[in-house]
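Trainee: Turn these sequences into a full structure, and let the hints guide you.
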Amino acid sequence: NAGVTQTPKFQVLKTGQSMTLQCAQDMNHNSMYWYRQDPGMGLRLIYYSASEGTTDKGEVPNGYNVSRLNKREFSLRLESAAPSQTSVYFCASRAAAGGTQYFGPGTRLTVL
Amino acid sequence: QKEVEQNSGPLSVPEGAIASLNCTYSDRGSQSFFWYRQYSGKSPELIMSIYSNGDKEDGRFTAQLNKASQYVSLLIRDSQPSDSATYLCAVTEGGSARQLTFGSGTQLTVLP
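So the protein lines, in turn, are chains A and B. Just so you know, we're using my numbering here: the first sequence kicks off at 1 and counts up by one. Just so you know, we're using my numbering here: the second sequence kicks off at 1001 and counts up by one.
Read the hints as simulated data drawn from the structure, not as lab findings. Fair warning: this is a prediction, and the values are worked out from it, not measured in the lab. All C-beta atoms in this analysis are idealised placements derived from N, C-alpha and C, irrespective of residue type, glycine included. Be aware that a few hints might be false.
Partial list, computed: chain B residues near chain A (C-beta under 7 Å) [stated by the list, open to error]: (1) S1043; (2) L1065; (3) A1068; (4) Q1099; (5) L1100; (6) F1102; (7) G1103; (8) S1104; (9) G1105.
Listed next, the stretches of chain A that the computed footprint assigns to chain B, with coverage defined by at least 3 CB atoms under 8 Å from CB atoms of chain B [said to hold, decoys possible]: (10) 39-48; (11) 65-74.
Straight-line Cα separation of at most 25 Å, SDA-like style, residue types lysine to any residue; simulated pairs [as the list claims (entries may be wrong)]: (12) B/K1042 x A/D26; (13) B/K1042 x A/Y64; (14) B/K1042 x A/H29; (15) A/K57 x B/D1083; (16) A/K57 x B/S1026; (17) A/K71 x B/E1045.
Mentor: The structure is reproduced here in structure tokens:
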């Protein structure tokens, strides 16, 4: 099992460009999450999907959209990138509420 | 807003010593507690979970939970240089798929 995979690993964008970060899990987990991690800020939740077909906002959703394409895949889209979105983005999944959350390897995004 | 507080460190201990990491949380409804380890440039990985008051031991790691004081800690016995990492405390409400709330992490350095 690959666990949680993310693509791309690194990305550089110019202000105003758009892109989609891809995430997939092969653990048959119901819940999936997108976090961003900034120095000294810990992990902050952007969006989550409790189950296939549902998505909800987290702590910092502005400037992002998500799609739960199917049970395996959960994508994060930046429609018009801004320098403030420079960060490391982690996708995670969890089988059940209160259970262990597993993280992908992360995407390091720089917006110039 | 739910908060999880950790001392940012850095915390330095000599090899073979006990490292003690502390975390407090604000939401009395929290029921699940996790410690993640994150090496520089890597994704968080779960090392301990604890759900009830008291101690839980796993090898060199012991998690301690005191819900009355809203306090959770992690002890690392016989610390090794390979334990040098950032340790993230995370808390969630029981039965909630919503999210983990993370602390900002404590950076631990184990000196050879």
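Trainee: Has the given pair, A/K71 with B/E1045, been kept, meaning a C-alpha gap of at most 25 Å?
Mentor: holds, 22 Å
Trainee: Are there three or more residues in the segment 65-74 of chain A whose C-beta lies closer than 8 Å to some C-beta of chain B?
Mentor: Not satisfied, violated; 0 residues make the cut.
Trainee: Hint validation: B/Q1099 versus chain A, beta carbon distance must be below 7 Å. Holds or violated?
Mentor: Since chain A brings a Cβ to about 5 Å from B/Q1099, closer than 7 Å, the hint holds.
Trainee: Holds or violated: B/K1042 and A/H29, Cα atoms, limit 25 Å.
Mentor: With Cα atoms ~22 Å apart, B/K1042 and A/H29 stay inside 25 Å; holds.
Trainee: Within 25 Å, alpha carbon to alpha carbon, are B/K1042 and A/Y64?
Mentor: Given pair B/K1042, A/Y64 holds - Cα atoms ~23 Å apart, limit 25 Å.
Trainee: Between B/K1042 and A/D26, is the straight-line Cα distance small enough, at 25 Å or below?
Mentor: Since the Cα atoms of B/K1042 and A/D26 sit roughly 20 Å apart, the hinted pair holds (cutoff 25 Å).
Trainee: Holds or violated: are the alpha carbons of A/K57 and B/S1026 at most 25 Å from each other?
Mentor: holds, 21 Å
Trainee: Under the criterion of a CB-CB separation shorter than 7 Å, is B/G1103 in contact with chain A as hinted?
Mentor: OK, holds: B/G1103 within 7 Å of chain A, min 6 Å.
Trainee: A closest beta-carbon separation below 7 Å is what the hint needs, so does B/S1043 meet it against chain A?
Mentor: Constraint on B/S1043 satisfied, holds at 4 Å.
Trainee: Does B/L1065 pass the interface hint, meaning its C-beta sits closer than 7 Å to a C-beta of chain A?
Mentor: violated, 14 Å
Trainee: Does B/F1102 hold up as a contact with chain A if the rule is Cβ-Cβ below 7 Å?
Mentor: holds, 4 Å
Trainee: With chain A as the partner, please determine if B/A1068 meets the hint condition of a C-beta pair closer than 7 Å.
Mentor: violated, 20 Å
Of the numbered hints stated above, those contradicted by the structure are hints 2, 3, 11, 15, listed in ascending order.
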